[in-house]
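Since the structure of chain P is already known, use the hints to place chain F on it.
There are 2 protein chains.
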Amino acid sequence: MSTYTVEFVSQNKTVRVEEGASLLEAAAKADIVIGNLCGGDGVCGRCKMIVKEGRIHGNGTMLLTLDEIRDGYVLACQSRIQGDLKVEIPAQTLAGDRVEVDQDAQRFRALNPGISRRPFANAPLVSKVFVKLSEPTLEDNEADCQRVLQALARASGDNTLQMGLRIMRQLPALLRENNFAVTALLGARGHTTEVMDIEGGDSSARQFIAVVDVGTTTVVAHLVNVPQRATVDAEACFNAQAVYGCEVTARIMASERRSPIALQEMIVGNINRLIATVAARSHVNLTDITAVVCAGNSAMTHFLLGLPASHIRRKPYIAASLEPPPLRAAEVGLRIHPRGLLYCVPGIGSWVGGDITAGILATGLYERDEITMLIDVGTNGEIVLGNKDWMMACSASTGPALEGASVACGMMGETGAIERVFIEDGQIHYRVIGNAAPKGICGSGIIDLVAVLLDKGIIDRAGKFVAGSDPAVSFQEGRGSFMLVSKAQGAVRDIFIRQDDLENIITAKAAIFAATKILLERLNLGFPDIKRLFLAGGFGNFIDRQNAVKIGLLPDLPLSRIQYVGNTSITGAKLAALSREACETLSEIRKRTTYYDLLGSADYVEQFKQAMFLPHTNIELFPSSQQHAGEAA
Amino acid sequence: MSTYTVEFVSQNKTVRVEEGASLLEAAAKADIVIGNLCGGDGVCGRCKMIVKEGRIHGNGTMLLTLDEIRDGYVLACQSRIQGDLKVEIPAQTLAGDRVEVDQDAQRFRALNPGISRRPFANAPLVSKVFVKLSEPTLEDNEADCQRVLQALARASGDNTLQMGLRIMRQLPALLRENNFAVTALLGARGHTTEVMDIEGGDSSARQFIAVVDVGTTTVVAHLVNVPQRATVDAEACFNAQAVYGCEVTARIMASERRSPIALQEMIVGNINRLIATVAARSHVNLTDITAVVCAGNSAMTHFLLGLPASHIRRKPYIAASLEPPPLRAAEVGLRIHPRGLLYCVPGIGSWVGGDITAGILATGLYERDEITMLIDVGTNGEIVLGNKDWMMACSASTGPALEGASVACGMMGETGAIERVFIEDGQIHYRVIGNAAPKGICGSGIIDLVAVLLDKGIIDRAGKFVAGSDPAVSFQEGRGSFMLVSKAQGAVRDIFIRQDDLENIITAKAAIFAATKILLERLNLGFPDIKRLFLAGGFGNFIDRQNAVKIGLLPDLPLSRIQYVGNTSITGAKLAALSREACETLSEIRKRTTYYDLLGSADYVEQFKQAMFLPHTNIELFPSSQQHAGEAA
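For the record, the sequence lines run as chains P and F. Following this note's numbering, the numbering of the first sequence begins with 1 at its first residue and continues without gaps. Following this note's numbering, the numbering of the second sequence begins with 1001 at its first residue and continues without gaps.
Careful: at least some of the hints might be erroneous.
Claimed, not checked - Covered by chain F, according to a simulated footprint, are these stretches of chain P (three or more residues, beta-carbon under 8 Å):
1) 132 to 138
2) 181 to 192
3) 302 to 313
4) 323 to 330
5) 500 to 513
6) 592 to 606
Said to hold, decoys possible - Keeping only pairs whose Cα atoms sit at most 30 Å apart, straight-line, the calculated DSSO-like set for lysine-lysine is:
7) F:Lys1487 <-> F:Lys1464
8) P:Lys591 <-> F:Lys1132
9) P:Lys86 <-> P:Lys48
10) P:Lys315 <-> F:Lys1464
11) P:Lys132 <-> F:Lys1132
12) F:Lys1315 <-> P:Lys132
These aren't lab readings, by the way, just hints derived from the structure by calculation. Cβ coordinates follow ideal geometry from the N, Cα and C atoms, glycine included.
Looking at chain P on its own, in the form it has when it is part of the complex (with noise of 0.2 Å):
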């Protein structure tokens, strides 16, 4: 089969690929993050490349306008190569290669340590243990392999230790050229505590542990040097896999038709270069690092793990396994120490991952006198309510709108996207992430958007534009749209919300809505039940508390019980690389929590439809708003 070059002008690189292959499959392979949405299907539209020179093979489209057709507009996934080509990217349809890392770890850092109640014993999955043994004697003739293992179990307090083959071999000679002073290295492997490595004579001091959050759209890993029991560094990237679709289902299809193992490939990259980036700028060897824990969703560990995740989207939605065994980390290919640890946090169901039995942890829901709620927004909405004696999770399908994503110009949480809409003196205003000209919208400012629309009367309750109500808003086909800023007002390019947008957003809130509503219903509760709600995820520190209330997102609390969280996925998984006993709790809270299928629930549609207004279709589960409503009329 032949072979052709694609080079990508603006990012000066050049690939070969075989005759046939896909646009969006060459930029994959030069490592351009295209955010598409529908995994190359064909109906998202968001990965438009313009060909300079050279033939394609393209599939007829609804999404490119003539005048883009005539410049030279493809859609990337939809182009099949048959000769070499020169293509131009524009600006967005690049996704970026990076999330704003500094302000990322910034935020992730500074986030509150104290939301759960009890602090848990120092007892790191994996830990160093110095000891220094007594020579042996004619009397005191114990075999070296069971004169360190007693000795590390009177200073560990540990008796489960167990040591392999390698380490068997090595340790005669070890002990008698370092003086019978040695450091081992412990991993809690369940029910037993391996001796991982031994090394001659202190180095106890030296020990770091990689805590990620893989997150369908953004990976996330921080260094956390052990001894210290402190974060060293963060940083932040787009989930490789995103080529495949944005949304978690287009990625089970797409493991399903190549393999596992490919998106196995995508993810272990993506935490593999977070790590050598972190331990770099810190100066941490990467063998230092012993131990990798990770929180994802369901279908991220099964793709860490390289399981197979098809039964996860298929009737009855079953998991290949939700509580992973400490694995090592080799097997799966992360680079750490060669005998490093791998640990999965323990998943509540196929929908309800490990990031969210991590989040019941870090906010110590599990332990609560009161009855909270935990809302996790992402691609997936996950609900968990519940208090010390009983939980219980569901998630609802949001598609990516809430995240920026599925909306014209919606855009991840980065340079240039506006993250704050807000009125001032009667004006629409907006705020952009690191002071660039806007390049789109993110999750916080979609929900800041709409509100505003709803307040100044531009949309209806329905979330229809409302005819004269701005001069902003324009009609087309009987469908209307605002224009927030255009390319003429200094825009990177005319930023404006479409109807479909809207429905976007409004379907996303009305699954969350529903599904929280569900979740009180089958437990006889109603919302001021609700004495605590944390809000998490990578977004939820962005968004604005009342306007969320404001389009029913939220249910309409006390602004006082709620309470952003931050990334709790990243918080928990870091209490429990710090404690065994934290860890045993993840088990735990895993096995206390009902996991409900909204799909077996009859209700959900009903709860969905009535969930499709603004806030709500019955206006008296929203107060704030009645009354808003009433000052306004």
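Only chain F this time, still in chain P's reference frame:
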């Protein structure tokens, strides 16, 4: 470097070796086992060969007579190859390459299984469990792996089950292809139980474990049908490491010169061949053999695992490991089920290994009320003294004389060996294994012969030949010799016993007796306190108890207190294979038994000297001999 061919004429085998290699190495390469004792140091004279054609470079030696040198005899270990060769190996040099298997197997199978007091719980180290799962639904939505683990925990009562990545990956498809009915292979791994493999359907009736006694001289393997708790077959062979010497110390030195891996390959090769043989004979697939349970002395266990054994022979005599954890059998090269496990019976000290721990288990010594002694005679003699309250063990270096080696006409217990010598009608008679022409004398025959010579006054109590006592006695340079049967009388060669041989035998029995006495004295006990004496070892079945007492190898107890118990190494290992409780008892025995190093005893040399008489300097220790002497007078 040049290479040359060496043809072993009678064996019809030709090998190609490098210039300068020894003839002994060439023989090993041709899989011809030579029973040399010194490990190639040129001091035992057991590796004589005849060079028929070609050139060698040999060191001078006192171990060849002028006649032999004229006839082309060389010491193989001292002969460096410098050209193509044709070589003849004399019959007495050949150790044979196979023990009398049927006889051996019969002997081991016929063992009294009821020595141990109580039956152990039926819970094999590796077992198969069949489960039929309920199929998942929207309400019963546990993940596949957890569903299986929970069902297995219910079926087995084991809550420490763990499953690796490979099985996790296969499970979803396997469950659905087999209507959720599967058989799991569960293996004990310390504090956890590993799900080693899962097969579709019910295969729980088909499972085997190989149990191996790793002896310095002989390796014995039994194949056990686990569900039926029955021994299916047995096979034995010589330890191929004999090429490096018959004594443990010589082998350790060889492992230092070469590498522990060289010795590992030899013993692993032996075990693989034994297992393949019994499996083929019993029509069992190697993949249905799910574990190997090995018992051997500490050095043999080190070689099997490739552990450095150097410090076992160097003061203060410290082993690398005496209690290796369960390992993957493939990790050392054993060819059974690819995920099969290797268990090594824990040892008590550097010179009291797992074979003795197994012996204590098999004889139930550890749970007896009365004071009991276990003597295991081999290349080393191990002695255990104790009861349910206390146990102490030590080892005496006997040399291989009592196994028929380090004696001019000694040989192992195979066809052609004189195994019994006795007086009938005033004449000395003998019995030969396999009714063949006699080729040499094995251990049991040697003990008989010494007792008979003593009885007939042909040797005195110091072990010296008495001039004129018998026509078969002759003297050369003042040192006597007794011709048992000459070549002229139909033997393959002259079979005699020399003064040197007697000294080796007396040294061996003195070492064991002194050790026995010191153990007793340390505990303020005397011989009459021994209420039961178990005699174990590959040759224990054959020796005459009365003659063993007569020459002072065993203490002078009523014969009713002395019991042959055969190969307790393999009996104990088999008990452990079929019961985790028995396996845990082995660890208990190891912990409860005090290892006493005779090299730490100031008294040992004195006791040893006193035992250098037949039966002993102090005849009062042997009242039955005293009486006998009285009768003879």
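Results for each hint:
{"no.": "1", "hint": "132 to 138", "in the structure": "holds (count 3)"}
{"no.": "2", "hint": "181 to 192", "in the structure": "holds (count 4)"}
{"no.": "3", "hint": "302 to 313", "in the structure": "holds (count 6)"}
{"no.": "4", "hint": "323 to 330", "in the structure": "holds (count 4)"}
{"no.": "5", "hint": "500 to 513", "in the structure": "violated (count 0)"}
{"no.": "6", "hint": "592 to 606", "in the structure": "holds (count 4)"}
{"no.": "7", "hint": "F:Lys1487 <-> F:Lys1464", "in the structure": "holds (25 Å)"}
{"no.": "8", "hint": "P:Lys591 <-> F:Lys1132", "in the structure": "holds (23 Å)"}
{"no.": "9", "hint": "P:Lys86 <-> P:Lys48", "in the structure": "holds (14 Å)"}
{"no.": "10", "hint": "P:Lys315 <-> F:Lys1464", "in the structure": "violated (91 Å)"}
{"no.": "11", "hint": "P:Lys132 <-> F:Lys1132", "in the structure": "violated (52 Å)"}
{"no.": "12", "hint": "F:Lys1315 <-> P:Lys132", "in the structure": "holds (21 Å)"}
Hints 5, 10, 11 from the list above are not met by this structure, while the remaining hints are.
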